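**Student:** We have chain C; now place chain W onto it with these hints.
First to last, the sequence lines map onto chains C and W.
My numbering applies: residue 1 is where the first sequence begins, and numbers increase by one.
My numbering applies: residue 1 is where the second sequence begins, and numbers increase by one.
Any given hint could be a false lead.
Restricting the straight-line Cα-Cα distance to at most 30 angstroms, the calculated cross-link-like pairs of lysine-lysine (DSSO-like) are [claimed, not checked]: (1) 125/C with 135/C; (2) 105/C with 125/C; (3) 23/W with 105/C; (4) 125/C with 23/W; (5) 105/C with 135/C.
Keep in mind that the hints were calculated from the coordinates and are not lab data.
This one's a predicted model, so the numbers in the text were calculated from it and none came from an experiment.
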Amino acid sequence: MKRAIPVVALSIAGLIPVWRYEPSIGGTTSATAEPAPAPSATSTTASGTSSGTVVKGTTVNTDKGPVQVQVTFSADKISAVTMLQQPNHPQTAAAVPVLVSETLKAQSADIDTVSGATITSDAYKESLQAAIDAKG
Amino acid sequence: MQRVEHVMGFPVSLRIDDAGDYKEAADAVFAWLREVDERFSPFRPGSEVSRLDRGELAGSEVSQDLAEVLALCEEYRVATGGAFDVRLPGRGLDPCAVVKGWSVQRAAEGLAAAGARRFVLNAGGDVVASGGPWRVGVRHPEHADRLCTVLELTDGAVATSARYERGDHIVDGRTGRPATGLLSLTVVASSLTEADSVATAAFAMGAEGVGWAAARPGCEVFAVDAGRQVLRTAGFPVAGEPSAAA
Numbered sequence: 001m002k003r004a005i006p007v008v009a010l011s012i013a014g015l016i017p018v019w020r021y022e023p024s025i026g027g028t029t030s031a032t033a034e035p036a037p038a039p040s041a042t043s044t045t046a047s048g049t050s051s052g053t054v055v056k057g058t059t060v061n062t063d064k065g066p067v068q069v070q071v072t073f074s075a076d077k078i079s080a081v082t083m084l085q086q087p088n089h090p091q092t093a094a095a096v097p098v099l100v101s102e103t104l105k106a107q108s109a110d111i112d113t114v115s116g117a118t119i120t121s122d123a124y125k126e127s128l129q130a131a132i133d134a135k136g
Numbered sequence: 001m002q003r004v005e006h007v008m009g010f011p012v013s014l015r016i017d018d019a020g021d022y023k024e025a026a027d028a029v030f031a032w033l034r035e036v037d038e039r040f041s042p043f044r045p046g047s048e049v050s051r052l053d054r055g056e057l058a059g060s061e062v063s064q065d066l067a068e069v070l071a072l073c074e075e076y077r078v079a080t081g082g083a084f085d086v087r088l089p090g091r092g093l094d095p096c097a098v099v100k101g102w103s104v105q106r107a108a109e110g111l112a113a114a115g116a117r118r119f120v121l122n123a124g125g126d127v128v129a130s131g132g133p134w135r136v137g138v139r140h141p142e143h144a145d146r147l148c149t150v151l152e153l154t155d156g157a158v159a160t161s162a163r164y165e166r167g168d169h170i171v172d173g174r175t176g177r178p179a180t181g182l183l184s185l186t187v188v189a190s191s192l193t194e195a196d197s198v199a200t201a202a203f204a205m206g207a208e209g210v211g212w213a214a215a216r217p218g219c220e221v222f223a224v225d226a227g228r229q230v231l232r233t234a235g236f237p238v239a240g241e242p243s244a245a246a
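Isolated chain C, as found in the complex:
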């Protein structure tokens, strides 16, 4: 668990500029819906479950309201980041990044086009996109 707490702190630190930076477009009606609970430096808690270790971050007060994240670890990897508390404000709901962790899969599928790193003209003829273009 030694690595977990800095990650949580970083997650929160990464979110705060999002609220600070964005100009407020939602007015003041919902930005401060309720008083923030007092922040506590010792509220970080961790618990193990069958699906991984869950760590709750401390509550951080931002000018849009209190923020608290929860991070789920599977072994040493983050498998989910969720918001336990977030300001009741439309722009923050859209700005909060919730990341999901998955296993990398290799698949084939019927597709219309391919996104990838910028391919060179030389490499094009061997590419999936060339096959799609040839098919018409």
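**Tutor:** Frame of chain C; chain W shown alone:
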């Protein structure tokens, strides 16, 4: 109609599904991209970018288009704390990463202005889609003939940054070293200007770029880290699955 041409050193595929004659509109797409190559390529000594870099052109003399591109470059440099930087020490001015997305987005807007509604424009792996649903595969970072995910897009843009095609060409401006923290990072956004710039900038940042890109308003992210783990936003529009409520 369908057309493929090679511009700026990469293939550009255009497919327009609308009935009607879009030959002129398609011609305009490729003519614009060739013009962009002439004006903005750092590899052409006579380009506006090269002349600015050599000091033959004053900052106040640049075209409105180049001023727009340089303003975007500066915006992303500041937003990434210097990880994304088109003026790396010891290298010439190279705004390619922004020019590509910006110019292809403008080409797509030209198609829409000409009346095209259902089309997909793919510039070397960066995609602008209109009037979908379109199924867009994301190339697997380790297997050129496989996909690591498929997304469904109605109107929007998809860009991917990775090292498998052109090697360690993306440099973290904070360290001056190639970015190696990720195998691949894909961004979906409403415009390719944003999707392509954010994908490149986040890739330059390495692992921390995933969270940074995810926090950009309107951006959905699918990243493969150096340990082959996928990290994606809950709202990434994976095809065949109900979209997660935001």
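**Student:** State for each hint whether it applies.
**Tutor:** Hints versus structure:
no.	hint	in the structure
1	125/C with 135/C	holds, 13 angstroms
2	105/C with 125/C	holds, 24 angstroms
3	23/W with 105/C	violated, 39 angstroms
4	125/C with 23/W	holds, 24 angstroms
5	105/C with 135/C	holds, 25 angstroms
When the structure is compared with the earlier hints, a violation turns up for hint 3 alone.
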